[in-house]
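Listed here are the chains, written in short residue letters.
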Amino acid sequence: MKNTIRITAILVVFLTISPPFFSQNSIKSVEFWTDGNGENRNRQPISSSNTFIWQDEINLAALVDGLHTFNMRIQDSKGVWSQVETLFFLKQTNAAGQGVLKKIAALEYWMNGNSANRTQRVLNGQTSFTWEELIDVAGIPDGANTFNARFKDEYGVWSPIETRFFLKQTNAAGQGVLKKIVALEYWMNGNSANRTQRTLNGQTSFTWEELIDVAGIPDGANTFNARFKDEYGVWSPIETRFFLKQTNAAGQGVLKNIAALEYWMNGNSANRTQRTLNGQTSFTWEELIDVAGIPDGVNTFNAHFKDEYGVWSPIETRFFVKQSAISGEGNKKLTTLEYWMDANSTNRISKTFTPSNPYLWEELIPTDDVPNGLHTFNVRWKDDKGIWTMVHTQFFFKDEKKFAQIGENKIVGYRLWFSEEPDYFENIPVIAMENVVAINDSVPLTYLPKGRHQIAYQLKDARGVWSPVITDSIDKPDHALFSFVADKLEIIQGETIKFTPSTKLFIDSIVWSFGDGMTEVNFEPEHKYDSIGKFDVMATVWHKGTNEGIPYEEIKYITVTSTGLLSPEVYSLKMYPIPAKNYLTIECPSLPMKSVQIISLNGKVMKEFLTENSEKAVLPIGNLQAGTYIIVVKTDKGWLSGKIVKE
Amino acid sequence: MKKLTILLICVWAMMLAFTFSSSAQTVFALQNGSRTQFYTTLSTAISNIQDGDTLYLPGKPLDGDYTFAKKVTIIGAGYDPDSAAATGITKITGRVYFAKNSKGSSITGVRTEGRVYVRDSLITITRSNLESLEIQNGSNPIGFVYVGDCIIRNNIEGANDVVTNVLIERCILNGNLGGGNKTNNLVIKNCVLTYNGNYFLYSISNIIYQNSIILNTNNYMFTAGSSSLTFTNNLFVRPAFSNNTYVMTGNIFGVPESDIFVDSANGNYHIKPTCTQALTLATDGKEVGIYGTDNPFLVPTFAPRFISINNAESTVNGKLSVKMTVEARNR
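Line by line, the protein sequences are chains Z and S.
Everything in the first sequence is counted per our numbering, starting at 1 for the first residue and increasing by one.
Everything in the second sequence is counted per our numbering, starting at 1001 for the first residue and increasing by one.
Be aware that a few hints might be false.
[What the hints assert, rightly or not] Derived Cβ-Cβ restraints for the label pairs, each shown as a range:
# : chain 1 : residue 1 : chain 2 : residue 2 : range
1 : S       : Y1246     : Z       : F301      : 45 to 53 Å
2 : S       : V1247     : Z       : V214      : 35 to 43 Å
3 : S       : G1250     : Z       : W131      : 31 to 39 Å
4 : S       : N1244     : Z       : G139      : 27 to 35 Å
5 : Z       : F242      : S       : V1247     : 40 to 48 Å
6 : S       : N1244     : Z       : V214      : 23 to 31 Å
7 : S       : K1272     : Z       : F165      : 45 to 53 Å
8 : S       : G1250     : Z       : T367      : 23 to 31 Å
The set of hints was computed from the structure by calculation and includes no laboratory data.
Please read all numbers here as calculations on a predicted model, not as lab measurements.
For every residue, glycine included, the Cβ atom is placed at its ideal position computed from N, Cα and C.
Assemble the whole structure, with the sequences as input and the hints as a guide.
Listed below in structure tokens is the structure:
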């Protein structure tokens, strides 16, 4: 169809003019226009004639759809115009498509009533569209289904919906699944009654290449027909191919006999070996050919065959490599191996050993230089001919923390700590005989303030691996033990005393009252006494997270005397050996000792003894960790203190 | 002046009194040798990781997605409620990313509700239960990724042709290997593949299946688009199949699933004593599946484990009773 609206104007015009000139007048031209567009009218000259039949295709593409008028008039040879003939016509390009060759711009399809989820596709705007596609029907049920599709043109007009029924049967009879080909049949020409049947192995795809004997069919055009059956007994349509058999024209088609062969190596066809054969239709050739006379390296072996008609086959050429130096089959022995890890072949380890075959290799390969994780171990072998094997690669996984001999690993301890003092750990050793151990400890927490605390626990094993942290809450119903010492108990007026708390753990602040009316907030204050007398000292401890200050008081703790009038009594401790190892001897000849405390530098009371001998005490300290400790001796006069080093 | 100081301290102490919580805090420990730091949020702990640290995760749900961009060893309390009964399991509710610069990192004893993304080399994932797994960093080559003794509930994706040397060993794979997986030397070894949906083996190449038990019998798009797969000494429920591009050696086909496992419906993938062919089928002469190899499938991690905890909740006479049954792991 042409891309125009055709208006076929068939006008048979008979010219009627005055009698004296009738036999001489003719139609000279025609004019036409549409609607009121007379000023743009088209004029066409006509070959003079007194009758004019006008058939033409008028291009009306520029007109809008709707009702129009077609107007025309003719002019005679005298220049006289006829009256205007007017015809109505309707142009409809959009509503019903007449006249315009539309393009298919889009399609939609859906299955069953699922138009809400229809698949929409934009097309390239073709005047015709061939649609072949495998549509996935996995999501629809077995049974009768409908496939619905419609197409849209460039004007946005949809075609009616085309609906086709189809049956999906994935369960009942195997349609829809990938079927297997289990048999084929073939025959030539119309000889289906004597078709050849063959059972196959049940494959989803089957490639068939075979030389079929056509001896029994005549020369000329023949047909080869075949069809295939699936596991469900369904046959495919018959595929038919034409072929030409020509046995007489040039010998093709007749099964010939191989009567002779020739062979030679490289380009030495002049000295080729010729051999007469027994005239067989097929010939299997296996022979050890002497290659002594040819050089090492790449050579060619060439052969061709002659039939009974004297026709030689094309020359078959094969390359082969002669390696007389390294070809010695039979008694090769392994001599060398190389191994490396990961991609580190440039640093591979090479080992040479006494040639043997086979060779048993057992070795512990150190992996200190490889990090934890997955690696490859690569090895290859060389024989005494210098030939290497392919590289054998296998994965290995290194995790030095992961493995231990069965039963070897034990829990060696655990630690606990509190959220208020995350840097202070209570490390508790565990003595375990087995992998699984029941811990039943009573852990002194005298430094812990009264109240509720967040506690954390963590285990450690012999490899140094820690467990995840578990947390809990505990309540301490009693106040923490606390004490303090002064570096001097008796001073003269104007001297300074330093006070040291037994612990700083869990303590937010300490408010000191020195008894002379002076107070200070500090952990280890140094206070100067300007008054003389005996002074009570009180430390009010505010623990972290509490709103209660706990007072600890030493009555008449500090004695301050006036300068120059009195000779103050000096009390001293004698402690030895320093550093001490297993025992510490304390002597206090000037004051009777009541008890002795050994306190760590963080204020924890490590040991406490009641002294049987008020002047001398020998204390076992062998199980203390090495470090510096404060020795606090309680007497009637108060506390005496000193420091020792335990080695 | 000092009296004023005392007043302020009293007020401050009173304020502190109301900050205590009655429930136990969550503690994330970040350790490296003798250095130990504790954090109360995982995101803070992660932001303070230094290369070589070990991060201990508590047995609690941990909300959010987490990205690791340093070399870190992550140890959770375990993913199995039975073996982690004393502590609770460590569960990350979002995704986990081993991003660039996390090379050498490892994670063990964690359950994830989101995907785990491996985007660097030498990443090790063990004794974990993952929602799914992706091994890829676009066009950047990565490799030497180890996944062992894990459960992967959905697909393994992404192993494209610049991902090399991936070993998935002794895992229960409930999802599929997503199309496009074609890395060189990706070995699925001694696994149990339970996926029975469509597209099994679809559009994958170069994968090596070895010593595994494969339950899939779904034929829809079974091998479509796949090539160059190697199957060595596997046990199949489906009948024998072949493909010109596959290498198939030593496999056994057509074994009913009901004949293989002790109680697969309840997650017991030990092989029945009557399934004798599976007990020596593996290339090492041992059984196929997750309980083969020299180191059969294990759930608890290699870290020391709490079996029971009965510590006192209050001190008596200044002492705390600590009663726990604990275990040192051999592996």
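Open item on the list: Between the beta carbons of K1272 (chain S) and F165 (chain Z), is the distance compatible with 45 to 53 Å?
Closed with: holds (49 Å)
TODO: May I ask you to test the hint 45 to 53 Å on the CB atoms belonging to Y1246 (chain S) and F301 (chain Z)?
DONE: violated (34 Å)
- [ ] Mind checking the hinted window 31 to 39 Å against the Cβ distance between G1250 (chain S) and W131 (chain Z)?
- [x] violated (48 Å)
Task: Cβ separation of G1250 (chain S) and T367 (chain Z), checked against the hinted range 23 to 31 Å - done: holds (30 Å)
TODO: May I ask you to test the hint 35 to 43 Å on the CB atoms belonging to V1247 (chain S) and V214 (chain Z)?
DONE: Cβ of V1247 (chain S) to Cβ of V214 (chain Z): about 39 Å, so the range 35 to 43 Å holds.
Open item on the list: Tell me if the beta carbons of N1244 (chain S) and V214 (chain Z) are separated by a distance inside 23 to 31 Å.
Closed with: Given a distance of about 30 Å, which is inside 23 to 31 Å, the answer is holds.
Task: Assessment of proposed distance window 40 to 48 Å (beta carbons of F242 (chain Z), V1247 (chain S)) - done: holds (41 Å)
Task: Satisfaction of the hinted span 27 to 35 Å by the C-beta atoms belonging to N1244 (chain S) and G139 (chain Z) - done: holds (31 Å)
In the structure shown, a violation is registered for the earlier hints numbered 1, 3, in ascending order.
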